[in-house]
Amino acid sequence: MSQAVRPLPARIAPFGWALATIALTFLGLLAITFTIGRVVPIDPVLAVVGDRASRETYEAARLAMGIDDPLVFQFARYVGDVLRGDLGMSVSTGRPVIEDLARVFPATLELATLGILIGVLIGVPMGVIAAARQGTWIDQIVRVLALAGYAIPAFWLGLVGLVIFYAQLRWVGGPGRIGIFLDGTVPVRTGLLLIDSLLDGNWRAFRSAWSHVVLPATILGFFSLAYIARMTRSFMLEQLGQEFIITARVKGAHERIIIWRHAFRPIRVQLITVIGLSYAGLLEGSVMIETVFSWPGIGNYLTTALLNADMNAVLGATLVVGAVFIGINRGSDLLYRLLDPRART
Amino acid sequence: MILTRDWLLSDDPETRMQARMGQAYRLARALRRNPLAMVGLAIILALLVVAALAPWLAPYSPLDGTLSNRLQPPSAAHWMGTDELGRDILSRVIHGARITLFIVVLVAIISAPLGLLIGAVSGYYGGWVDRMLMGVTDIFLSMPRLILALAFVAALGPGIENAVIAIAITAWPVYARIARAETLTFRSADFIAAVQMQGASDLRIITRHVIPLCLSSTIVRVTLDMAGIILTAAGLGFLGLGAQPPLPEWGAMISRGRAFILDQWWVATMPGFAIVIVSLGFCLFGDGLRDVLDPKGRSK
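Residue numbers (this note's numbering), protein chains in the order written: chain A, 1 to 345; chain B, 1001 to 1300.
Hints listed in this document are in silico derivations from the structure and should not be mistaken for laboratory results. A hint or two may mislead.
Ranges between beta-carbon positions, derived for each pair [to be verified]:
#, chain 1, residue 1, chain 2, residue 2, range
1, A, Arg133, B, Gly1157, 45 to 55 Å
2, A, Ala18, B, Pro1113, 30 to 40 Å
3, B, Leu1184, A, Glu243, 27 to 37 Å
Keep in mind it's a predicted model, so treat the numbers as computed, not measured. Glycine included, every Cβ here is placed at the ideal spot set by N, Cα and C.
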């Protein structure tokens, strides 16, 4: 199949197919949360209203959920509700789940974004250097970090970090997003506290917010760093073994140019997928970290809801994290195919 | 039968058993050359021994403590200190090895055969069966595993058995993918055609001829996944959704110690070391096993 003469529809068709797959995956996610909410519990109504609900509330919820309808109808109605943004009411906060999620999501976004920045800005150069100087100390460090990233529980590392950097050294702020006296002093614009406090010109709040976010973000960043550095190293080694690198060396190109221009450039596209995966993983990892640091994000919301048996909130949070996860996952895959001509055939 | 090196390494084994034992011997020799893999193996063996002999190894009871002895720092009498009920943490960590082993073994027993079967059926039949099964697999694969496990536990109710089920439900898709990829490489091979012509049923071909060939890469992957399974189980325990107190599960112990983390750091940190060491053991051994069994998947 020749690339140049293919008509436009033929080039777009694979992407249409990819989009259809994504839509199908989302539907699969909905099917899973639906199953968890309606099929797995012995009494789904009780799971939603909680065991302290009165008889009237229970009957009203039972009617509203349409438990007696066939499952297919129930699922169709569920999909319709979710598409309209109706995730039900939370038993513990008494507000619609979607409003709760919109309120807590920016905190998670802030944490995960800082984490991925740390992971990319340190992990990529580390991986490149480790590959360029195979067998040296930096190479060993990348190996050890990669292993540590697999073997250390994030919540435990968070606790150890709190003991060392908060309790002993007093370098960072403790749990929460901001110092207790500054809480609520920053008007909410974007929901990202670091940006809001800057927009407000409130330096004290910014410093406090920074000192609170830096430890959890570093710990999250550590896990993405371990993964990104390992993948970068392995991609780079693959490139450095290619013949065009030997050619460049024979031509007498400077080692720095060989590494950054000849070897690093081709792997940038591969790195997009890795970074995307890593970012999605951070959103997931933040559940544990947020619990440890009392960070009022979606992970904390989810675990609180879990302990209160607040099923609508649990499923809503699962749905949102799952959707973002799938979006980033499949999105970076799509981007990869768009940018890398080799992956198009 | 004489167990000599020459007999084991013979190029023309006389019996099937000799061939198998020779293969195992070659594998062991290759593994022995990898010091890190041997460290991993030693850790796993230590876990097995500690779990088996827990009541004899533990200096104190894991469940009863003396309240007057609560929150003591590590000392000669209590190597890891005592917790908020005066229980010896070392004894609890030792007994916790049983729970960890119970969880990883059960998850592996449930998820690996399930994944193998789905992958082998998918790869062997091909066509719409393949497309449907792999569609479901891909959907599960692109979900966040931890969150999914959390949601399942929320619906099933907290507890160690439900945690195992929830983790197993999220773990099988990887094995299905591997088994399918493996099956595709030999599904049109002559030996499959030969058994088909002998009149073997599909069930027989899949269970006797396809699945055994997928085993080695699945075993490698399961070993590598063990660390992740341990971390997820500990995470569920930490959130109060896995093993329930007073069970000495490592994650749950960390969670209890959280309340005293700033003054009595040992309560929460000690079980964490156990988690790290055991996960590391599975990582190292899995890496070594992969290098020996599955050279294609070796990371550089």
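Quiz item: Can you give the numbers of the hints that this structure goes against, from lowest to highest?
Solution: As far as the earlier hints go, not one is violated by this structure.
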